[in-house]
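**Student:** Residue numbers (full-length UniProt numbering), protein chains in the order written: chain A, 1 to 454; chain B, 1 to 454.
It is possible that some hints are incorrect.
Just a few of them, taken from the derived set where beta-carbon distance is under 10 Å, the chain A residues facing chain B [to be verified]:
| # | residue |
| --- | --- |
| 1 | 140 |
| 2 | 146 |
| 3 | 151 |
| 4 | 157 |
| 5 | 226 |
| 6 | 296 |
| 7 | 297 |
| 8 | 300 |
| 9 | 304 |
| 10 | 316 |
| 11 | 318 |
| 12 | 322 |
| 13 | 326 |
| 14 | 330 |
| 15 | 338 |
| 16 | 352 |
Computed footprint of chain B on chain A, listed as stretches where at least three residues anywhere in the stretch have a Cβ under 8 Å from a Cβ of chain B [as the list claims (entries may be wrong)]:
| # | stretch |
| --- | --- |
| 17 | 33-46 |
| 18 | 158-164 |
None of these hints come from the bench; they were simulated from the model.
We put the CB at the ideal spot given by N, CA and C, even for glycine.
2 protein chains.
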Amino acid sequence: MTNPAAGTPAESTPTTTRIALLGAGNVGAEVARILLEERDELTERIGAVPELVGIAVRDLDSPRTVELPRELFTTDADALIDSADVVIELTGGLEPARTRILRALNAGKPVISGNKALLARHGAELHAAAEAAGTSISYEAAVAGAIPIVRPMLDSLSGDRVNRVLGIMNGTTNYILDQMDTTGASFDDALAEAQRLGFAEADPTADVEGHDAASKVAILGGIAFHSSYTIDDVYCRGITGVTAEDVEAAREAGYVIKLLGVAERVADDGDPGQPSGVNLRVVPTMLPRKHPLAGVHGAFNAVFVEAENAGELMFYGPGAGGAPTASAVMGDLVAALRRSVAGGPGVGPSFHADLPATSVDGVRTSFSLTLLCPDRTGVLSAISTVFAEHGVSISTMQQRDLPADDQYPGQRLAELRIVTHQARNADLVNTVEAIRGLDVVLDLRGLIRVENPS
Amino acid sequence: MTNPAAGTPAESTPTTTRIALLGAGNVGAEVARILLEERDELTERIGAVPELVGIAVRDLDSPRTVELPRELFTTDADALIDSADVVIELTGGLEPARTRILRALNAGKPVISGNKALLARHGAELHAAAEAAGTSISYEAAVAGAIPIVRPMLDSLSGDRVNRVLGIMNGTTNYILDQMDTTGASFDDALAEAQRLGFAEADPTADVEGHDAASKVAILGGIAFHSSYTIDDVYCRGITGVTAEDVEAAREAGYVIKLLGVAERVADDGDPGQPSGVNLRVVPTMLPRKHPLAGVHGAFNAVFVEAENAGELMFYGPGAGGAPTASAVMGDLVAALRRSVAGGPGVGPSFHADLPATSVDGVRTSFSLTLLCPDRTGVLSAISTVFAEHGVSISTMQQRDLPADDQYPGQRLAELRIVTHQARNADLVNTVEAIRGLDVVLDLRGLIRVENPS
Numbered sequence: 001m002t003n004p005a006a007g008t009p010a011e012s013t014p015t016t017t018r019i020a021l022l023g024a025g026n027v028g029a030e031v032a033r034i035l036l037e038e039r040d041e042l043t044e045r046i047g048a049v050p051e052l053v054g055i056a057v058r059d060l061d062s063p064r065t066v067e068l069p070r071e072l073f074t075t076d077a078d079a080l081i082d083s084a085d086v087v088i089e090l091t092g093g094l095e096p097a098r099t100r101i102l103r104a105l106n107a108g109k110p111v112i113s114g115n116k117a118l119l120a121r122h123g124a125e126l127h128a129a130a131e132a133a134g135t136s137i138s139y140e141a142a143v144a145g146a147i148p149i150v151r152p153m154l155d156s157l158s159g160d161r162v163n164r165v166l167g168i169m170n171g172t173t174n175y176i177l178d179q180m181d182t183t184g185a186s187f188d189d190a191l192a193e194a195q196r197l198g199f200a201e202a203d204p205t206a207d208v209e210g211h212d213a214a215s216k217v218a219i220l221g222g223i224a225f226h227s228s229y230t231i232d233d234v235y236c237r238g239i240t241g242v243t244a245e246d247v248e249a250a251r252e253a254g255y256v257i258k259l260l261g262v263a264e265r266v267a268d269d270g271d272p273g274q275p276s277g278v279n280l281r282v283v284p285t286m287l288p289r290k291h292p293l294a295g296v297h298g299a300f301n302a303v304f305v306e307a308e309n310a311g312e313l314m315f316y317g318p319g320a321g322g323a324p325t326a327s328a329v330m331g332d333l334v335a336a337l338r339r340s341v342a343g344g345p346g347v348g349p350s351f352h353a354d355l356p357a358t359s360v361d362g363v364r365t366s367f368s369l370t371l372l373c374p375d376r377t378g379v380l381s382a383i384s385t386v387f388a389e390h391g392v393s394i395s396t397m398q399q400r401d402l403p404a405d406d407q408y409p410g411q412r413l414a415e416l417r418i419v420t421h422q423a424r425n426a427d428l429v430n431t432v433e434a435i436r437g438l439d440v441v442l443d444l445r446g447l448i449r450v451e452n453p454s
Numbered sequence: 001m002t003n004p005a006a007g008t009p010a011e012s013t014p015t016t017t018r019i020a021l022l023g024a025g026n027v028g029a030e031v032a033r034i035l036l037e038e039r040d041e042l043t044e045r046i047g048a049v050p051e052l053v054g055i056a057v058r059d060l061d062s063p064r065t066v067e068l069p070r071e072l073f074t075t076d077a078d079a080l081i082d083s084a085d086v087v088i089e090l091t092g093g094l095e096p097a098r099t100r101i102l103r104a105l106n107a108g109k110p111v112i113s114g115n116k117a118l119l120a121r122h123g124a125e126l127h128a129a130a131e132a133a134g135t136s137i138s139y140e141a142a143v144a145g146a147i148p149i150v151r152p153m154l155d156s157l158s159g160d161r162v163n164r165v166l167g168i169m170n171g172t173t174n175y176i177l178d179q180m181d182t183t184g185a186s187f188d189d190a191l192a193e194a195q196r197l198g199f200a201e202a203d204p205t206a207d208v209e210g211h212d213a214a215s216k217v218a219i220l221g222g223i224a225f226h227s228s229y230t231i232d233d234v235y236c237r238g239i240t241g242v243t244a245e246d247v248e249a250a251r252e253a254g255y256v257i258k259l260l261g262v263a264e265r266v267a268d269d270g271d272p273g274q275p276s277g278v279n280l281r282v283v284p285t286m287l288p289r290k291h292p293l294a295g296v297h298g299a300f301n302a303v304f305v306e307a308e309n310a311g312e313l314m315f316y317g318p319g320a321g322g323a324p325t326a327s328a329v330m331g332d333l334v335a336a337l338r339r340s341v342a343g344g345p346g347v348g349p350s351f352h353a354d355l356p357a358t359s360v361d362g363v364r365t366s367f368s369l370t371l372l373c374p375d376r377t378g379v380l381s382a383i384s385t386v387f388a389e390h391g392v393s394i395s396t397m398q399q400r401d402l403p404a405d406d407q408y409p410g411q412r413l414a415e416l417r418i419v420t421h422q423a424r425n426a427d428l429v430n431t432v433e434a435i436r437g438l439d440v441v442l443d444l445r446g447l448i449r450v451e452n453p454s
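For reference, chain A alone in the conformation it holds in the complex:
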């Protein structure tokens, strides 16, 4: 390859590729910096000069995290797109991002995007537009920040059969749960600490309610199972209800609570209302301490993949941040440009399998729950009977006596911690409802799913 900077003689000057950048936030500004600082090295890798021709922003005067040449900025995104060979979209939100990406794709220009909300809503439309125009849309940055997971799933696992994807895909919630686990903090205190350190936003809803992770599950689940999903296909529960007591009880039992994004193949279990397909969910989950995902601390992300032949794989790294996410954008960009220099179009994901998203009802899982009961004969028997009637068997039950409580005068109290064997989610939910209705159950707390019970 030619290196103009080194003045290599006798080889032809490489062509120039014109790059349009939409958005100059945290990630966009880092992408611009890398394109400007690493131009010579990138030219070597791509075989063409990557020229950043402009950065479209809403407000020319907004402060930026990186100092960038003023003359690159424009408010006319459409003109910038029309003047470029490849478009990087890092604005976020549904519109005008969707319309602009379609404008580029329809003109046959490769697009790199980090827009998880858009991809989890209109991914199918964007892929169809790319395929129709013989170009590509890439979005490594949309899932788990810097961690290479979209590309390995598309290419490296393209000859295998994925059975399950388990991911810690949101750094804010992992930071909060890790703080609760290591310091015994309450959810509110851990959230406040995360906000103070910049790991959580002033309005943390999208993170703590699981919506951010749900977008990523929809995108990654689609790629893993060669099907197309939206965020509406994802059953989503956040971590606002996880208490310090839940975390403590999990620790005592050898577990840690993580907010897991899960996409898993669900087999036909003979229930006509429950087709085989893929269940997509985001739920606080107890994981055994020895599971590789249990060791993912702080704001780090990781994705654990169970495949038929490869077995168990894990991909670990920073799930957010300007420079790490920019690295993912740059990987997509260089890969797309190298392919385009080599003369071939990109190869998009295949969605031929079209597996339906299934209800969480049919998923086989385990529950952990804690019951407050009077300490007298007949209680255990009443509770066990309800489990048996619903076809749910108990894996472990621990009982401990509690001190007297003014709220329940004159009663000796006991706490029962129960972990069930795997059963259909719907059966577990019905069991829990029936248990809750028993006279001998004063309170039911700490209800949480368990993966891979040991």
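Following the hints, position chain B against chain A.
**Tutor:** Quick look at chain B alone, frame taken from chain A:
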């Protein structure tokens, strides 16, 4: 895409791609099984029918781990290659593998290989042949078995600057060291156990002496640093000298001993004999227990990557085994065929940077060592002086009194455990030699490198 199995009407029948498989060992047999069993699904993913046209073996009557149709086998590898569109080489060894791969590449046929010894010796020649013929050679299976690391390094990190790669790239040695760590076993006992369980071969030399890992470091280091290396560029030390006492001492200090393959950028430190470049090495290394690689147990592999923008990434999974390694082969195959169906050639790695492999002398690292000394005044001072004279500073020093030893009659004995700060490897080696020569040092044991001292 068309699915002939589903009888989709109105679309054209997909073309057929003729696949030649060389070798039917553990991995080859699994690849053949997957190609035959998953033909319909693979057709959907590729957009063409992957037809296994033959399997070249040395002996038609050798027993196989998977039952395969007899009529597929042939001993005429050349004729099989000539009849195919794509070639999978899983025979191992340098020849005839090299000549056969060149035959396929020179004819413009994509090659998938899992042959680490060949790639670590003749990789540059094979890449050049692929580029000259406008085709590709892929070898995800050659490094860390099922773990997607070659493809992510080539594509996902193509826009970043890798600073260091640390890998547990040999399952046999990781199993042995993990056994020594968790059970206190000696090297010999752990090796025997590994052999009994099939994790180590009858002749374990290539594994325990680090040669297998060294091949992988040469291959992965070349990709990470856009340069071309051979196994001769890798400084290699095995684990046969690691004792139960070393493992125990490391544990007491909060470390675990792993056989690490390392490829790291070495800056110009002003020493004219030591150019900036990349140091490649395989060495038993103490890692802090909290490092993500410290939690990689049994025969699992993992590769830890430190990149300028992405930060710290880890890729974890099974490093060997028939089906897992076959998954990596199949990923390369499907990716190559999808690109070829889409009309573009593969894009090979770039080796433009051409960074020299540097001697281990200039690498900055830390040493841990244990000294047996008489317990009297002046000893500490004599030892400290030697360190100071060589410009090596001491990070921690722990002394404990030892019981009397008949080997050293009439002396009170003490054991000193020293961990140094980071210093040039050459200075550390000279320091250790000088220490060894001191009168007051009766024995020097447990000399081992330390990464990321806490």
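**Student:** Now, for every hint given, state plainly whether the structure supports it.
**Tutor:** Results for each hint:
no., hint, result
1, 140, "holds, 6 Å"
2, 146, "holds, 4 Å"
3, 151, "holds, 5 Å"
4, 157, "holds, 6 Å"
5, 226, "holds, 7 Å"
6, 296, "holds, 9 Å"
7, 297, "holds, 9 Å"
8, 300, "holds, 8 Å"
9, 304, "holds, 9 Å"
10, 316, "holds, 4 Å"
11, 318, "holds, 5 Å"
12, 322, "holds, 9 Å"
13, 326, "holds, 6 Å"
14, 330, "holds, 2 Å"
15, 338, "holds, 5 Å"
16, 352, "holds, 4 Å"
17, 33-46, "holds (count 6)"
18, 158-164, "holds (count 4)"
Going down the numbered hints, you'll see the structure goes against none, and every one checks out.
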